[in-house]
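Asker: Please arrange chains B, C and D with the ligands on chain A, whose structure you already have, making use of the hints.
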Amino acid sequence: MSDRAARPEDLMGLSDDEYDTILEILGRTPNFTELGIFSVMWSEHCSYKSSKFWLKTLPTEGPQVIQGPGENAGVIDIGDGLAAIFKIESHNHPSFIEPYQGAATGVGGIMRDVFTMGARPIANMNALRFGSPDHPKTRHLVDGVIAGIGGYGNCMGVPTVGGEVNFDPAYNGNILVNAMTVGIASTDKIFYSAAAGVGLPVVYVGAKTGRDGIHGATMASAEFDDDSDEKRPTVQVGDPFTEKLLLEACLELMATDAIIAIQDMGAAGLTSSSVEMASKGEVGITLTLDHVPQRETDMTPYEMMLSESQERMLMVLKPGREEMARAIFDKWELDLAVIGETNDSQRLLLMWQDEVVADIPVPPLVDAAPEYERPWTATPPRAVLGPDDVTAPDDLAEALLQLVASPDLCSRRWVWEQYDHMVMGDTVGRPGGDAALVRIHGTNKALAISTDCTPRYVVANPVEGGMQAVAESWRNVTAVGATPLAVTNNLNFGNPERPEIMGQLVGAVKGMGAACEALDAPVVSGNVSLYNETNGEAILPTPVIGCVGIIDDLTKAPGGAFIDEGDAVFVVGETAGWLGCSIYQRDQAGGTAGAPPPVDLDTERGNGEFVRTAIHAGQINACHDVSDGGIAVALAEMAIAGDLGADISHENDLPAHAWAFGEDQARYIVTCADATALTAAAKDAGVHMERIGTVGGVALTLPEAKPISVAGLRDAHSRWLPTYMASRES
Amino acid sequence: MKARVHITLKNGVLDPQGKAIHNSLEGLGFDGVEGVRQGKFIELELADGDAEAAKARVAEMCEKLLANTVIENYTVEIET
Amino acid sequence: MKARVHITLKNGVLDPQGKAIHNSLEGLGFDGVEGVRQGKFIELELADGDAEAAKARVAEMCEKLLANTVIENYTVEIET
Amino acid sequence: MSAPSVAVIVFPGSNCDRDIAVTLEAALGHAPQMVWHGDSSLPKVDLIAVPGGFSYGDYLRSGAMAANSPIMREVVAQAGRGVPVLGICNGFQVLTECGLLPGVLMRNASLKFICRDVDLRVERSDTVFTSGYGAGDVIRVPVAHHDGNYFTDPDTLKSLEDNGRVAFRYCAPDGAITDAANPNGSLANIAGILNETGNVLGMMPHPERLADPLLGGTDGAPMFTALAEAIAA
Ligand SMILES: Nc1ncnc2c1ncn2[C@@H]1O[C@H](COP(=O)(O)OP(=O)(O)O)[C@@H](O)[C@H]1O
Ligand SMILES: [Mg+2]
Numbered sequence: 096m097s098d099r100a101a102r103p104e105d106l107m108g109l110s111d112d113e114y115d116t117i118l119e120i121l122g123r124t125p126n127f128t129e130l131g132i133f134s135v136m137w138s139e140h141c142s143y144k145s146s147k148f149w150l151k152t153l154p155t156e157g158p159q160v161i162q163g164p165g166e167n168a169g170v171i172d173i174g175d176g177l178a179a180i181f182k183i184e185s186h187n188h189p190s191f192i193e194p195y196q197g198a199a200t201g202v203g204g205i206m207r208d209v210f211t212m213g214a215r216p217i218a219n220m221n222a223l224r225f226g227s228p229d230h231p232k233t234r235h236l237v238d239g240v241i242a243g244i245g246g247y248g249n250c251m252g253v254p255t256v257g258g259e260v261n262f263d264p265a266y267n268g269n270i271l272v273n274a275m276t277v278g279i280a281s282t283d284k285i286f287y288s289a290a291a292g293v294g295l296p297v298v299y300v301g302a303k304t305g306r307d308g309i310h311g312a313t314m315a316s317a318e319f320d321d322d323s324d325e326k327r328p329t330v331q332v333g334d335p336f337t338e339k340l341l342l343e344a345c346l347e348l349m350a351t352d353a354i355i356a357i358q359d360m361g362a363a364g365l366t367s368s369s370v371e372m373a374s375k376g377e378v379g380i381t382l383t384l385d386h387v388p389q390r391e392t393d394m395t396p397y398e399m400m401l402s403e404s405q406e407r408m409l410m411v412l413k414p415g416r417e418e419m420a421r422a423i424f425d426k427w428e429l430d431l432a433v434i435g436e437t438n439d440s441q442r443l444l445l446m447w448q449d450e451v452v453a454d455i456p457v458p459p460l461v462d463a464a465p466e467y468e469r470p471w472t473a474t475p476p477r478a479v480l481g482p483d484d485v486t487a488p489d490d491l492a493e494a495l496l497q498l499v500a501s502p503d504l505c506s507r508r509w510v511w512e513q514y515d516h517m518v519m520g521d522t523v524g525r526p527g528g529d530a531a532l533v534r535i536h537g538t539n540k541a542l543a544i545s546t547d548c549t550p551r552y553v554v555a556n557p558v559e560g561g562m563q564a565v566a567e568s569w570r571n572v573t574a575v576g577a578t579p580l581a582v583t584n585n586l587n588f589g590n591p592e593r594p595e596i597m598g599q600l601v602g603a604v605k606g607m608g609a610a611c612e613a614l615d616a617p618v619v620s621g622n623v624s625l626y627n628e629t630n631g632e633a634i635l636p637t638p639v640i641g642c643v644g645i646i647d648d649l650t651k652a653p654g655g656a657f658i659d660e661g662d663a664v665f666v667v668g669e670t671a672g673w674l675g676c677s678i679y680q681r682d683q684a685g686g687t688a689g690a691p692p693p694v695d696l697d698t699e700r701g702n703g704e705f706v707r708t709a710i711h712a713g714q715i716n717a718c719h720d721v722s723d724g725g726i727a728v729a730l731a732e733m734a735i736a737g738d739l740g741a742d743i744s745h746e747n748d749l750p751a752h753a754w755a756f757g758e759d760q761a762r763y764i765v766t767c768a769d770a771t772a773l774t775a776a777a778k779d780a781g782v783h784m785e786r787i788g789t790v791g792g793v794a795l796t797l798p799e800a801k802p803i804s805v806a807g808l809r810d811a812h813s814r815w816l817p818t819y820m821a822s823r824e825s
Numbered sequence: 008m009k010a011r012v013h014i015t016l017k018n019g020v021l022d023p024q025g026k027a028i029h030n031s032l033e034g035l036g037f038d039g040v041e042g043v044r045q046g047k048f049i050e051l052e053l054a055d056g057d058a059e060a061a062k063a064r065v066a067e068m069c070e071k072l073l074a075n076t077v078i079e080n081y082t083v084e085i086e087t
Numbered sequence: 008m009k010a011r012v013h014i015t016l017k018n019g020v021l022d023p024q025g026k027a028i029h030n031s032l033e034g035l036g037f038d039g040v041e042g043v044r045q046g047k048f049i050e051l052e053l054a055d056g057d058a059e060a061a062k063a064r065v066a067e068m069c070e071k072l073l074a075n076t077v078i079e080n081y082t083v084e085i086e087t
Numbered sequence: 006m007s008a009p010s011v012a013v014i015v016f017p018g019s020n021c022d023r024d025i026a027v028t029l030e031a032a033l034g035h036a037p038q039m040v041w042h043g044d045s046s047l048p049k050v051d052l053i054a055v056p057g058g059f060s061y062g063d064y065l066r067s068g069a070m071a072a073n074s075p076i077m078r079e080v081v082a083q084a085g086r087g088v089p090v091l092g093i094c095n096g097f098q099v100l101t102e103c104g105l106l107p108g109v110l111m112r113n114a115s116l117k118f119i120c121r122d123v124d125l126r127v128e129r130s131d132t133v134f135t136s137g138y139g140a141g142d143v144i145r146v147p148v149a150h151h152d153g154n155y156f157t158d159p160d161t162l163k164s165l166e167d168n169g170r171v172a173f174r175y176c177a178p179d180g181a182i183t184d185a186a187n188p189n190g191s192l193a194n195i196a197g198i199l200n201e202t203g204n205v206l207g208m209m210p211h212p213e214r215l216a217d218p219l220l221g222g223t224d225g226a227p228m229f230t231a232l233a234e235a236i237a238a
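Protein chains in written order, with my numbering: chain A, 96 to 825; chain B, 8 to 87; chain C, 8 to 87; chain D, 6 to 238.
Excised from the complex, chain A in its bound form:
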């Protein structure tokens, strides 16, 4: 059946086919509110219609996994009756429009996803991609995004302990702001969103509802355009103070037995939270919208259901617990309103001013959500370049100085000094190292956290790039001595309706899946952000991986700084001088070309296990993974961090620049006092390891290069970002 005559002008982003499905589900024409509800539930953001088919291929299970994808965040067992709960989420588009508020509300949103499950957030991370430093908007965006992330996290009192910042012209019109939160809960106190049971009170808590973030396209419809001399902004403003109260109030209520189900109101607010709770609990929900706490006057049901006002939660309580809950929320000066109850009809029934304003069966609203297997074309493979195919620098020492002073490799201190990275008193590994280390409060254990992605590899070869993102985050967690347990991921891509973009997504997911499988790091949560394009120019495909691991004795975690004169310096892993798609090639030799470095998952795992074992055995004094910029940049970072030089005198057949700057995977630089013992251990483990020099002195000396003073390196490394941010074009 198809009621073409009644088809509205504005399908709110739904396709004709999707609209026909709605007619079938309802057996009638949807009203405006109902159409709005279908439109947001079936949006790419909520339904994952383009990516679902491929996400299902990811490995999501393991003995450590308590809850994989499908809830607000993933949950893993970290021993001692505790669970780590974490997820990453994007706020790309809002951050481009209003960088401070966009980034701030992104951080607020991801923290809610974590504490809605019963966890106290203990660490925030963020993965950021900006346009070219020369682009007129970049400085303003960097400034606002960093301030916004700090503004929200600092006020919440959750330390922001790490992340990544990169620049590329591909993000000029579409920056990426991905925020990750890790929390800790008792394994027997984890909260889910399934609203099981009928006749139970549905309770709204937190901030009042305003017209924030209601989609601009639908705002244009005549009904809402009366006071139109001022275009209503769709920007949401974050209120971290309210969220801090919400966090404390929720945790206090969670300590009782009152809550049956709880769900944060994020994207599509009241709509997706109520539908999700009903669907998971296989019940219906009746809401009386008159009872929704409102910040603005004359709000319509449509506006209330689609509002994305922040700092709100929806709960289903045990009957009779409402007043106890109210007392807690009163203490924290927050609104609490009973706005409905669960019903046995499996319908979403909305009442307003004594009328039914929406009546939608929940199962088809969720299950009939479109799912597309979009056509895709694989990215054509690129030629493999040999070590001699990329031009050598005139002066290797000079090239290194330039690289450590470049936008992508320079110190991020300017960024993380704006984040309170120490509050909560458990930040053992501060920002700047391979992975952040956050002690599990009151224990000697720590969680290690890293976020990683190398988009220039992904664009060259999505499968290898997807694998590499997982491998690198796994390696970073390993480098601090922790055992990686699981990952979360944020798939940032362009328009999936373009087969070549869809091909990037498919390839990256395949690569990620293979790596997660091989490295025993299942995917427990994630987020997908598509249509990151401006004027048909897509961003670089950016599948960000956030890896969480654990170290049982944090006193064993080595730093990434040279510490003792005379220590032997080794490279773990084989060096083939892979310069294709390297930073050196991009910044010093005319732009990226060729295939990216291949990832050998067996080697990755073997080398990582060897390094971790040696760390636990106390054999290693410093450890740093080798990534962007190769051995030379890794050594420079260790020298700067330790204020100690090293004499590197490695003989091999490679051109000096390929050896120094090649980005072969699965490698670590380690230093140790007892070279003989470590060498023997590597031999026993069947791991390739080469001695390349000795720690000491005030300069870093590389093969075929003049010595570079550590002070000079530090100066170069620390200069670029603050100088860039302090300058401005007039």
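Please keep in mind that the hints were generated in silico from the structure rather than gathered at the bench.
Idealized CB from N, CA, C, for every residue including glycine.
Each hint should be verified, as a subset may be incorrect.
If you want the footprint, here are the derived chain C segments under chain B, 3+ residues with CB under 8 Å [stated by the list, open to error]:
#1 13 to 20
#2 27 to 36
#3 42 to 50
#4 53 to 66
#5 69 to 81
Answerer: Below, chains B, C and D with the ligands without anything else, positioned relative to chain A:
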């Protein structure tokens, strides 16, 4: 010459500060307050000159720096 | 009834925000700015009533909370 | 004699309350009492800590709304009776807003939030808070604030200086008081001040954050061990 600039949040934009001030005033026993919005007030000391031109120039400063026009409105008055 | 409150820094009190704005304006090429002071502008929506009484009440709010009278001055206007 | 009792005041938005409680517990051997801002009476205590964080979101002015909460009347009264009061970061802001300490903490000169370790010169060692240090010692502890730029009028500054009421100053590693060592633009590099009677200390840096070797330093610990000894005596 002086310019007085008022920067206020657009209608409908959440004002967390105003909300907190409102609560705090109630806590202090001030009733009868129905709403609080907090904005900025910026005074610029300008070299003497044409008032109309100065106003346009300050408006430009608002657009470029003083106001966040995505969420804020501004007004400029010149006092001579 | 509406109250409009201006809160400004007293003379001689350092204004880091004003100073930073001033620098930024110069950096953006706006010359002829001789000084910048940033204050607050707070609008209160009040229950209707006597304007004089309301003014006194808002002044009391300023004394108690809205302004730090060690460093700030305030003015209250009532709009009816 | 009963064990000394310590109160940590908790406001909505405080977020270093647990951090200071952990550090105090390590020094005292038992946990301090957490006292909610809405309470209008304080138990009998030997020390009151006003912790860091963002009370009321730092909205309006940092510390302003907290300074008006019922519990602060009680804190002021107890301070008047000579009970030691330690305000750290947001706690310092609250103490200035409620009039226990002079001056204000304005926005950092950089206008940016700043979180990093700084060097502090201990100006006096003859107070209940600083007796664990020597006068002139340089200690390393973190700052983490947006509004730490200490300002007061010239007369008050003179009286602070003349009466030795500056407890800590931002300094270079060698103890020199330089502009480069000043992270936030504070007048005379002031990082912490005392009241006239020396029983109230407000400071922007966080000694409680570097009192555990695993966190990268222990220079903050002597403040708490000295306080614990003093109030036990
Ligand atoms: N790339 C991905 N990989 C794995 N799981 C994903 C991915 N993207 C989304 N998910 C999962 O899908 C569910 C819905 O995600 P999302 O809509 O972002 O959640 P929320 O509504 O809580 O913000 C979550 O359980 C999330 O972990
Ligand atoms: Mg959620």
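Asker: Tell me, in ascending order, the numbers of any earlier hints that this structure violates.
Answerer: none
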